[in-house]
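Assemble the complex: chain A is given as a structure, and chain B must be docked to it using the hints.
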Amino acid sequence: MERNTISVLVNDQPGVLQRVSGLFGRRGFNIESITVGQSEETGLSRMVIVTLGDDDQLEQIEKQLYKLIDVIKVVNLSVRPMVARELALIKVKADPSERPEIMGVVETFRASVVDIGSTSLLVQVVGDTQKIDAMIELLKPYGIRELSRTGVTAMIRGNVQ
Amino acid sequence: MMTQIPEIRSTEELREKWKTPEVITGSEILLRSLVLEGVDTVFGYPGGAVLYIYDALYGFNDFKHVLTRHEQGAIHAADGYARASGKPGVCIATSGPGATNLVTGIATAYMDSVPLVVITGNVFSSLIGTDAFQEADITGITMPITKHSYLVRSVEDLPRIMHEAFHIASTGRKGPVLIDIPKDVSAAKTLFTPVTSVNLRGYNPRSVPNKLQLDKLVRAIAEAERPVIIAGGGIIYSGAHEAMYEFVKRTEIPITTTLLGLGGFPSGHELWMGMPGMHGTYTANNAIQECDLLINIGARFDDRVTGKLDGFAPKAKIVHIDIDPAEIGKNISPDIPIVGDVKTVLEMLIPEVERASKADAWRSRIAEWKQDKPLRYKDEGKVLKPQWVIELINDTTKGEAIVTTDVGQHQMWAAQYYKFNHPRSFITSGGLGTMGFGFPSAIGAQMANPERLVVSINGDGGMQMCSQELAICAIHNIPVKIVVINNEVLGMVRQWQNLIYEKRYSYTDLAGSPNFVKLAEAYGIKGIRATTKEEARAAWQEALETPGPVLVEFLVSKDENVYPMVTQGSTIDQMLMGDE
Chain A
1 MERNTISVLV NDQPGVLQRV SGLFGRRGFN IESITVGQSE ETGLSRMVIV
51 TLGDDDQLEQ IEKQLYKLID VIKVVNLSVR PMVARELALI KVKADPSERP
101 EIMGVVETFR ASVVDIGSTS LLVQVVGDTQ KIDAMIELLK PYGIRELSRT
151 GVTAMIRGNV Q
Chain B
1 MMTQIPEIRS TEELREKWKT PEVITGSEIL LRSLVLEGVD TVFGYPGGAV
51 LYIYDALYGF NDFKHVLTRH EQGAIHAADG YARASGKPGV CIATSGPGAT
101 NLVTGIATAY MDSVPLVVIT GNVFSSLIGT DAFQEADITG ITMPITKHSY
151 LVRSVEDLPR IMHEAFHIAS TGRKGPVLID IPKDVSAAKT LFTPVTSVNL
201 RGYNPRSVPN KLQLDKLVRA IAEAERPVII AGGGIIYSGA HEAMYEFVKR
251 TEIPITTTLL GLGGFPSGHE LWMGMPGMHG TYTANNAIQE CDLLINIGAR
301 FDDRVTGKLD GFAPKAKIVH IDIDPAEIGK NISPDIPIVG DVKTVLEMLI
351 PEVERASKAD AWRSRIAEWK QDKPLRYKDE GKVLKPQWVI ELINDTTKGE
401 AIVTTDVGQH QMWAAQYYKF NHPRSFITSG GLGTMGFGFP SAIGAQMANP
451 ERLVVSINGD GGMQMCSQEL AICAIHNIPV KIVVINNEVL GMVRQWQNLI
501 YEKRYSYTDL AGSPNFVKLA EAYGIKGIRA TTKEEARAAW QEALETPGPV
551 LVEFLVSKDE NVYPMVTQGS TIDQMLMGDE
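Just so you know, the protein sequences line up as chains A and B, in that order.
Just so you know, we're using UniProt numbering here: the first sequence kicks off at 1 and counts up by one.
Just so you know, we're using UniProt numbering here: the second sequence kicks off at 1 and counts up by one.
Chain A with its partners taken away, still in its complex shape (with noise of 0.2 Å):
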C-alpha cells in the first residue's frame, strides 16, 4: 500500500465534488484527505486527493475517474517531485504561565499563533503531512482543545504543469 497524491481537474458544477466522492466510496478507494478549490482556469476547479493503495488500485482510480464525463484530467503527483503541502489550527491549551513555552515551540516550526484566548493560544501551521503531524504531537502534552486540518493541496515541481 502506498501513499499517493493525485490532482483532478474538474467542471466546476453542481455535483461533481459528489460523483468523485461517490466513485471513491463505491469502488472501495480510500480516501486520507480531500481539497477542493478554483483552478487557474475559470469554470475549472481542482481537487488534490491523498489515497493509499497499490499500483493496480492507483490505476483504476485514474481510469474511473477519467470516466466522469466532468473529470478533465487526472495526474498521479507522487510520482515526481511535488510540493504537498496542508494548513492545520490548533487550539491549545494555554495558561499565561504556559504562553511563552508554547511560542517557543511555534516559532521554532515557523508557525504562528493567530488568537490569543484567556486560557488558549490558536496556532496555524503549514506545511507537509510530517511537519503538521510533529507539531501536533508536541502539542498534546499542553492540551489539543480543537483541531482542524485541510488536507493536502499538491503541485509539482518546476516548469512542468
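Wrong hints could be hidden among the right ones.
[Said to hold, decoys possible] To be clear about the criterion: a stretch of chain A counts as covered by chain B if any three or more of its residues have a C-beta under 8 Å from a C-beta of chain B, and this derived list gives those stretches:
{"no.": "1", "region": "11-22"}
{"no.": "2", "region": "53-63"}
{"no.": "3", "region": "68-78"}
[Said to hold, decoys possible] Here are the computed lysine-lysine pairs in the DSS-like style, where the Cα-Cα straight-line distance is at most 30 Å:
{"no.": "4", "chain 1": "A", "residue 1": "67", "chain 2": "B", "residue 2": "216"}
{"no.": "5", "chain 1": "B", "residue 1": "398", "chain 2": "A", "residue 2": "67"}
{"no.": "6", "chain 1": "A", "residue 1": "67", "chain 2": "B", "residue 2": "317"}
{"no.": "7", "chain 1": "A", "residue 1": "63", "chain 2": "B", "residue 2": "87"}
{"no.": "8", "chain 1": "B", "residue 1": "211", "chain 2": "A", "residue 2": "73"}
{"no.": "9", "chain 1": "A", "residue 1": "63", "chain 2": "B", "residue 2": "370"}
{"no.": "10", "chain 1": "B", "residue 1": "216", "chain 2": "A", "residue 2": "63"}
{"no.": "11", "chain 1": "A", "residue 1": "67", "chain 2": "B", "residue 2": "87"}
{"no.": "12", "chain 1": "B", "residue 1": "317", "chain 2": "A", "residue 2": "63"}
{"no.": "13", "chain 1": "A", "residue 1": "63", "chain 2": "B", "residue 2": "211"}
{"no.": "14", "chain 1": "A", "residue 1": "73", "chain 2": "B", "residue 2": "518"}
{"no.": "15", "chain 1": "A", "residue 1": "63", "chain 2": "B", "residue 2": "358"}
{"no.": "16", "chain 1": "B", "residue 1": "315", "chain 2": "B", "residue 2": "211"}
By construction, these hints were calculated from the structure, which means they are not laboratory data.
This structure is a prediction, so every number in the text was calculated from the model and none was measured.
For each residue, glycine too, the CB sits at the ideal point set by N, CA and C.
For chain B alone, kept in the frame of chain A given last:
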C-alpha cells in the same frame, strides 16, 4: 379497446421547419429535441412535475408516446427498444416516486451498457431541497448507476443538455443518461435553436487502438496452439458481428459468446462453443481453462463468466479488447491490452491475421468435446420439460425470433437452447439480473421491430413483477408472444437451495400465483395453457398463428435444474453436469 398510434411525420421536414429560432417552452424544446435526435418512440407515465411536458405532448404526433402502467415498465420497454434497435431508448417519469420507480431500470441499463435517455420531472426549482411533495434527489440517487446526469437549472441550458445526453448515451461505452427537469424549467420560455455540436472536454472516448498492441496480438495468434475467443456484448453494441464472423473465418479460432454476446456470432458455426461460465457449456469452459491464448473481445470478465478468478484460464496469455479502458485490468490484468471500439479493432486486425496454423489438434479436441458433451437434459416421454419448451420455440421459429427473457432458470435455458443467428436478437438482463425485465422489454423490442417475431420468455416469478404491462400489449395490439414457463417456484433460487442449502426451500414456493391464462384474458389477450408436450405443440402453434399478443403458459416440473453449473468459488472446469 384498441387505439391506433398515429403515423409520425418525417424528421427531415420538421428539422427544416425548426431551424428558424423560435421562442417556445422548455417542454416544447424537450419534445422537439427528441424528434431531432431521431426518437420515434417514448415510453412514459405522467405526474405532477411533468404536467407541462405532458401538456405539450397533447396532440403532439411527431413521435409515439406509449403510456405504460408502471414507470418500471416504461424504462424496461425503453431498454428493450434500445437493445433491439441500437438507438437510445427514451422514457419519461414524474418526480419523486415516478423517478425512484425508474431506478432498477436505470441500473439494469447501466450494467449492460444500454443507451438510454431518461427524463424525469422535478419539483419547482424554488422548492428543491425543502422535502416538497413528491421531491426526490434523483440525480443524487442515480449517480452511481448513470453514465452521466443533469439537473437542468435553466431553460437556456436545455437544448445543449438534450444533445449532449444523446451523444453521451450512444457513444463510447454506451449507457443511461438522466435529465432531471424542474417544473418551472419545463414551463419557462426561451429562444430555441437546435444544438448540433457538442463541446465536452472531459469526454473523448477512444475508438482507434494502439497499433503496437495489435501487432502483438497478430503474432500471438500465429504462435498459439490453443487459442480461444470470448466475445461479449461489445460485438453487438459496436455492430461488429460481421467483422467478428470474418475474423473467425480467417483465423479459425474457436469462439464462445457470453450471455450478452449471444447472437453476435451464428450459433450454427462449427467453431462456436456455446456460452461460457456458470451455466456455460462443457466445451466452452474447458476450452477456456486449457487454452494458451484467450482473446476477450468486448466482454468484461464478469464473475459469472470467470468463476474463481485466480484459477481462470491458468495457462493462457490474455488479450483484452474493450472500449472502456477501466475494464482492462479491473478483474484480470491482460498481457495484451487493447483499448478501442471492437468493430474498429477487428476491421484493423482482419487484413493482418492469418489462420492459426498451429491449432489443428486443438480444433479437433474442441470438436470432440462438442460431440461428446453437448448440452443435454433428461427428456422423459410425455413430461413437459422447460428445456424442451425452449427447443420447441427454437425449432418453430428457426432461431429467427427476437427473444427477451426475465432472470433465472428459464433465462439460462433460453440462452442454452435457443440458437441465435443474428445480433440484437437476445434481450436479457445480464449484469443486474433484473426480474420483471423480460416482458416489458419485449414490448420495446417489438415496437422497434414491428415486422419481426418477438417472443418473451418468462418464469412465473418474473412475469408477476411487471404483468401490468399486458394492458399495453392489448391496447396497442403489440403482437408479442408471451411465454410463461411455470414451475410454481422461484426456480433458480430453489436450485441453489436444492444443491447447496440442503433442500431447505426457504420462501421459494410461488403457489398461489394467478391463473396466467385468465390474467391475460382479463386484459383482453388470448391465453393458452399447456401441460403436456402434445398440448404444448398445439398451444404454441396456435400462438404463432394468432395475430396480436398471445400468452402461453407451460406448466413444467419444479425439480428441473440448470446444468452444467459451476458453483460459487469454483473454477469453471469444475462443473456439476446433472444426472443425465
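Hints versus structure:
1. 11-22: With 6 residues in contact (Cβ-Cβ under 8 Å with chain B), the coverage given for the region 11-22 of chain A holds.
2. 53-63: holds (count 4)
3. 68-78: That given contact holds, which follows from 5 residues of the region 68-78 of chain A lying within Cβ reach (below 8 Å) of chain B.
4. 67/A with 216/B: 27 Å, holds
5. 398/B with 67/A: Between residue 398/B and residue 67/A the Cα gap is close to 41 Å, so the pair fails against 30 Å, i.e. violated.
6. 67/A with 317/B: 27 Å, holds
7. 63/A with 87/B: 27 Å, holds
8. 211/B with 73/A: 24 Å, holds
9. 63/A with 370/B: Distance of about 39 Å is beyond 30 Å: violated.
10. 216/B with 63/A: Judged against 30 Å, a Cα distance of about 23 Å means the pair holds.
11. 67/A with 87/B: The hint holds at about 21 Å.
12. 317/B with 63/A: With Cα atoms ~23 Å apart, residue 317/B and residue 63/A stay inside 30 Å; holds.
13. 63/A with 211/B: 21 Å, holds
14. 73/A with 518/B: 59 Å, violated
15. 63/A with 358/B: Distance ~37 Å between residue 63/A and residue 358/B Cα, so the pair is violated.
16. 315/B with 211/B: 26 Å, holds
In summary, the numbered hints that this structure violates are 5, 9, 14, 15.
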